[in-house]
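Spelled out, the chains give:
Protein chains: 2
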Amino acid sequence: MKKTQDFIQNNQQRFLDELFELLRIPSVSADPAHNGDVRKGAELVAQHLTEAGADKVEVCDTAGHPIVYGEKIIDPSLPTVLVYGHYDVQPADPIELWDSPAFEPVIKKTDIHPDGAIFARGACDDKGQVFMHIKAFEAMSKSGELPCNVKFMIEGEEEVGSENLGVFIKEHTERLAADIILVSDTGIISNDNPSITTGLRGLSYVEVEVTGPNRDLHSGLYGGAVANPINVLSDMISQLQDDKHKITIPGFYDKVEVISEEERAEMAKAPYDEEEYKSSIDIKNVQGEEGYSTRERASIRPTLDVNGIWGGYIGEGAKTVLPSKAFAKISMRLVPHQEPEEITAQFKDYFESIAPDSVTVKVNPHHGGLPAVTPIDSDGYMAASNAMEKTFGKKPVPLRSGGSIPIVALFEQVLGLKTVLMGFGLNSDAIHSPNEHYGLFNFYKGIETIPYFFEEFTKLSQK
Amino acid sequence: MKKTQDFIQNNQQRFLDELFELLRIPSVSADPAHNGDVRKGAELVAQHLTEAGADKVEVCDTAGHPIVYGEKIIDPSLPTVLVYGHYDVQPADPIELWDSPAFEPVIKKTDIHPDGAIFARGACDDKGQVFMHIKAFEAMSKSGELPCNVKFMIEGEEEVGSENLGVFIKEHTERLAADIILVSDTGIISNDNPSITTGLRGLSYVEVEVTGPNRDLHSGLYGGAVANPINVLSDMISQLQDDKHKITIPGFYDKVEVISEEERAEMAKAPYDEEEYKSSIDIKNVQGEEGYSTRERASIRPTLDVNGIWGGYIGEGAKTVLPSKAFAKISMRLVPHQEPEEITAQFKDYFESIAPDSVTVKVNPHHGGLPAVTPIDSDGYMAASNAMEKTFGKKPVPLRSGGSIPIVALFEQVLGLKTVLMGFGLNSDAIHSPNEHYGLFNFYKGIETIPYFFEEFTKLSQK
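Each protein sequence line maps, in turn, to chains A and B. Residues in the first sequence are numbered consecutively from 1, following UniProt numbering. Residues in the second sequence are numbered consecutively from 1, following UniProt numbering.
Bound-form chain A, shown alone (with noise of 0.2 angstroms):
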């Protein structure tokens, strides 16, 4: 792979200020108003697989946002890689807590990042990503060092739920046919300590909503004798955690994969300072579920969060309402065996029963997602880790991470194939949040490592 590495180290420039064009366009899939932006981004994808030397590329128009695909096929005979990812993006807002607008990237640097880190949203989640793997993929075949046949499907609704790539796939098990699937989605423990990812929660995404009187009302005339829905609300989501943190659900944890002492321990191996960690989001005290450490919380265990309330006057100043609606988006993480429709049905079930005969209650289910876990003695598994420990000079750690691509579960289902995430980012990069970033070390050191992952895939995968 040297002509490959040569030819990344003298593009890096260039690679950059592609990359901060895709970054440029809003393509926020959760919102209607930038549908066009949406499709922009995809288009634009689409031109660089063919300018990085792509067959057959198509923007593949689906049901919601259109998904890009491309391919090169050196020798049918030859192993194949198949690359997913998404250039659709979180959206941007709370949009007054960036340091600099979301959608006009910038360079600056951290104290994590001395070199500099590409500050905007989709940075590391996942356009960033997404280019290291087309530059990676031009860099070897401008070179004439690809290894193996590579096919690439780039979706637009991830931050959504992936519904159509999920028609897509089983439309199109033939022209998906592959050996491997390989995702850079997630991160690294530290850039001195490299990791890869072997286990995605599930996810269970709800929007509540809780009616009292059908106006809003005066709190003095009726306030303390008409139920109020956002007390109430308070009330219930209240109620579906106990005091020790546990999910209240009937029937939540039943399915829940049980890990053994043996495996939590190893886990606990990991390197980890839960001082840094709470002095890096400027808590006082973690919380959680009772009997499990801070990384179990956030991994191994299922949970439950409020995303979102609203209900009222929210505006400046004060208003004595009593008002007729309050609503809450409440999304859980679900950790192996959990099914996603089945814990949708169980709090659907729970937070009715819960509510008093004051007010009504509707919900309404977005979008959900399965979780999975990855082996870590398979070919796919192994190359990587070798690739990684080529780039980083150190073995990485297999890590069960908090984060859900629902995808990765279906990827099996359908199209039988084990999925490798070889994530690059790091959990300070602030994805889904203001001021979002991806270090040009994490950027670079992606697009040098993936050649050698084809490189070691295809070397095992022939023996």
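Because the hints were derived from the structure by calculation, they are not lab data. Mixed in with the good hints there might be a few duds.
Note that identical chains are pooled: a pair holds if it fits in a single copy or bridges any two copies.
Derived pair list, reagent style EDC-like, types lysine to aspartate or glutamate, alpha-carbon separation capped at 20 angstroms [to be verified]:
1) K244 x D357
2) K109 x E261
3) K3 x E274
4) K246 x D357
5) K362 x E352
6) K284 x E352
7) K395 x E263
8) K362 x E316
9) K284 x D357
10) K109 x D31
11) K284 x E171
12) K255 x E342
13) K362 x D282
14) K170 x D61
15) K255 x E274
None of the values given here were measured: they were computed from a predicted structure.
Given chain A, work out where chain B should sit, using these hints.
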């Protein structure tokens, strides 16, 4: 009052047109963006007072919104009635729930108002009722039948706590010298059942802020391990009341006025139909403090309501965020002997005490107000009772209201004056809500009744 009543009959349409002009001004005192409109409202009120025959009319500047003053002294030896009201209004939102624009008044018929009602923000609270006084005064003075002296004090900050009115009356005790204060900012049981408000609740209004991590976090990477400010705020709100709907703030009930069984039995006699009450706001069941009736909960008992709540992602679609902050506006209605400042302090201490160490909380007091009760044996009350009996053909019943007009207690403290609450609205008028309206019947009945109050009060106070 024959000439006066004729004058009113002959000018009904003009009175209505003039009120519409005032209703078109969005004098929302809570929103700084409307400061200019609030002043416009003050100037129009002043203009009408002058045209009605008032002297020394002045738009008095304050640290906040102006106060309109005007007077007519026909004979210093005669009694003086001080008319108080407010020309500011509540914010119109949620505007999407208005069937016609909040500041474009229209007449529409309703089941309760077969002759039609005026639909507009402020139609009842309080522009419509203030206007009744200006027009009744015009009728009396133009007909040469004004029986005593009158002073007007119409403020622009009633909906935000009347802070500067408090300063104003302290600085103008001479100028405001009178024998009684007459206010129409309350209601009657129904158009067939006149009533006079003899009690008002006080108010303590706070805004709370719960802060967890220093930035929004990815709920997958941090959820379950870091306290979620929305979940925590919900827990804390839920802890403010117990399962009997009693407020749990230590000391909250200590000074609450105890009402005798006899008095409660007396109050229970006022006409009331709970089924009608429930269906009017479309709720399956009422809910409130154990041991008290619906009307007691909304009048003689203190209450706590969340008037607004917000935090996290409240846009369309799904965002898996663990927010940095969550907020709520919370108000408590107080009954006689409860001190707003003391209650606010008790709330602050308690709210801070129940916060887990995984978050920090801030409690910011908004405005407060003292409760008030008015005697039913005074000349003022008798004058109002006789006047209403004349125009309704039925003796009004005394009634405690759940609302607050904080300034009433201050009038007594600073000016040593009792207040008569002779209002003409209905609970169904949707004040503070979308589609606020005021019956034409009520508007004209008020104009018709007020002159009789002046006549009766002059007679009684000269005995």
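Structure-based check of all given hints:
Taking the shortest alpha-carbon separations for K244 and D357, only the inter-copy value of 15 angstroms comes in at or below 20 angstroms, while the best intra-copy value is 28 angstroms. Taking the shortest alpha-carbon separations for K109 and E261, neither the intra-copy value of 41 angstroms nor the inter-copy value of 73 angstroms comes in at or below 20 angstroms. Taking the shortest alpha-carbon separations for K3 and E274, neither the intra-copy value of 43 angstroms nor the inter-copy value of 84 angstroms comes in at or below 20 angstroms. Within a single copy, K246 and D357 get their C-alpha atoms only as close as 26 angstroms, which misses the 20 angstroms cut-off; across copies the closest is 18 angstroms, which meets it.
Only within a single protomer do K362 and E352 lie at most 20 angstroms apart by alpha-carbon distance; the minimum there is 8 angstroms, versus 32 angstroms between protomers. For a Cα distance limit of 20 angstroms, the shortest separation of K284 from E352 across copies, 15 angstroms, qualifies, whereas the shortest one inside one copy, 35 angstroms, does not. In the homo-oligomer, the alpha carbons of K395 and E263 lie at most 20 angstroms apart inside one protomer (19 angstroms), although the nearest pairing across protomers, at 82 angstroms, exceeds that limit. Taking CA atoms no more than 20 angstroms apart as the test, K362 paired with E316 passes between copies only; the shortest distance there is 17 angstroms, against 29 angstroms inside one copy.
When the C-alpha separation of K284 and D357 is checked against a cutoff of 20 angstroms, the pair qualifies only between copies, where the shortest distance is 6 angstroms, while the shortest distance within a copy is 39 angstroms. In this assembly of identical chains, K109 and D31 lie within 20 angstroms of each other by CA distance neither inside one copy nor across copies; the values are 31 angstroms within and 41 angstroms between. With identical chains, the CA atoms of K284 and E171 are never at most 20 angstroms apart, being 50 angstroms at best within one copy and 49 angstroms at best between copies. In this assembly of identical chains, K255 and E342 lie within 20 angstroms of each other by CA distance solely inside one copy; the values are 10 angstroms within and 51 angstroms between copies.
For a Cα distance limit of 20 angstroms, the shortest separation of K362 from D282 across copies, 16 angstroms, qualifies, whereas the shortest one inside one copy, 36 angstroms, does not. Taking the shortest Cα distances, K170 and D61 sit within 20 angstroms of each other inside one copy (15 angstroms), while across copies they are farther apart (72 angstroms). Taking identical chains as interchangeable, the C-alpha atoms of K255 and E274 are never at most 20 angstroms apart, the minima being 29 angstroms within one chain and 47 angstroms between chains.
The structure is inconsistent with the numbered hints 2, 3, 10, 11 and 15, although it conforms to all the rest.
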